[in-house]
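For this one, chain A is given, so just place chain B on it according to the hints.
In the order they appear, the protein sequences are chains A and B.
Sequential numbering of the first sequence, starting at 5, is according to the numbering used here.
Sequential numbering of the second sequence, starting at 11, is according to the numbering used here.
None of these hints come from the bench; they were simulated from the model.
Keep in mind the model is a prediction, meaning the values are calculated, not measured.
Just so you know, even glycine gets a beta-carbon here, dropped at the ideal spot from N, CA and C.
The reader is advised that the hints may include incorrect statements.
[Stated by the list, open to error] If the Cβ cut is set under 8 Å, some of the chain B residues that face chain A in the computed set are:
1) THR36
2) ASP44
3) ALA45
4) ASP46
5) SER83
6) THR84
7) GLY86
8) GLY87
9) GLY90
10) THR128
11) GLY130
12) ALA133
13) PRO170
14) ARG174
15) SER179
16) TYR180
[To be verified] Away from chain B, derived, C-beta distances all over 10 Å, residues of chain A:
17) ALA22
18) PRO210
19) VAL287
20) ASP320
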Amino acid sequence: MLINVPETVVADALRGMASAHPELTVDVENRVIVRRDAPVAGQVALVSGGGSGHEPLHGGFVGPGMLAAACPGEVFTSPVPDQMVRAAAAVDSGAGVLFIVKNYTGDVLNFDMAAELAEDEGIQVAKVLVNDDVAVTDSLYTAGRRGTGATLFVEKIAGAAAQEGRPLEQVESLARRVNEKSRSFGFALSAVTTPAKGTPTFDLPPGELELGIGIHGEPGRERRPMMTSGEIAEAAVDAVLTDLAPRNPVLVLVNGMGATPLLELYGFNAEVQRILRGRGVAVARTLVGNYVTSLDMAGASVTLCEIDEDLLALWDAPVSTPGLRWGM
Amino acid sequence: MLDADFFRRWMTATAASVDREAERLTALDSPIGDADHGSNLQRGFRDVVTALEKDAPDTPGAVLTLAGRRLISTVGGASGPLYGTLLRRTGKALADASEVGREQLAEALREGVDAVRTLGGAAPGDKTMIDALVPAVDALGESFAAARTAAEEGAEATTPLQARKGRASYLGERSIGHQDPGATSAALLVAALEEAADE
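Chain A on its own, in the form it takes in the complex:
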């Protein structure tokens, strides 16, 4: 592992990020990443955050056209309310703040507390929960569907709407719509090693894969002998389409978990596209790469988002962040 000591992994990364990205204000001590020109007059400010280990999510998505600020927690641990309140205060122009929260118990609890505290300080706050992971089938007896790849779609599309100057209420409902129209399914070819533990958090022998994996090294729902890229693509796309029957074109995100080479991700994407064609699903745009990762885990996820013309225009709108950049 390329680290000094486990205790300083997050702070070290933030210092490195500050050096690499002068267009961001990185507060290493308080763990808040803010776009340098914030607050931007007349714009709703998007604030997200979560455990570290999913880079470029969320800090790598701070910048014009996407997030106004991000709060990185410890590795795989939700940030604390103090960070979120500090971020909200730094970016609020008076137009309000939208918290984008992945559906994990810790993230939800900490953002809820932060929203109350921020409102006490006179900041108007709205919250959107991202819960796109179809691998969690039993929402009644679990903490509910997890937030995974759709977070990128929500942050990009709502961020473009905020950049256009749309009001908080509209940006919030748009973010909610993107989440409702998005579904994901992930798999792992290897387990994840956290800096604190130093050994894999679960045992996944070579020659086997885990379907329905989350992004925190938590095992999935089903283990199988190794399958081909085409077979995995079929399982993933089928799982997504069981729950989403798109009549309109979709955005496709083929997302690497961190340790799977782009060569393999592109090959996997070819299989995903072939299967979507076969199922009669039209693809509007495709993004392939490592965006919502799980440290050194090998594997990938497929996210589909059914879109309309408004959402597609917002997706295509310019964005300038360390992790996602086009049109600028």
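For chain B alone, kept in the frame of chain A given last:
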């Protein structure tokens, strides 16, 4: 009667026991969580001890309220808000009394546990810290030792359960056969009460 010093000793004893047991908590958190429960609580309770030394609150309620606020500000994850709320609400229930009896503490803790149940939505049997805390509060009227035993038994009894809350719930039936790390750390917190009383 229990004064501010007792509650300070309770927090210090908890911090020491979390330090001692951090590796075990993290090991329990590996198969059904994400292997960080020990290090997260360690960070939090170390900060609590530092804050109590610095601020020296002079009532039981003030000690617990400060401890709760520090946990919320330093732990993160689900444990931060849940443990923070437990201590903060217990502290608020004790109001500004300079000394409290064990029964009074039991009543206040029950309010704290209820607040945790409301916040996290967990019920007994969901394989969470609630499974150690509820029996502990029930037994606290009897003695600190009885509360400790009840909490430890409650934590051990989570092993055959299927998790319905938190990250372990995503495993479905595969969460069965593992003792819940949250219930285990809750039992450490309850056991530290007895240590604080013995000193």
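Structure versus earlier hints, numbers of those that do not hold, lowest first: Going through the list in order, the structure violates hints 10, 12, 13 and respects the others.
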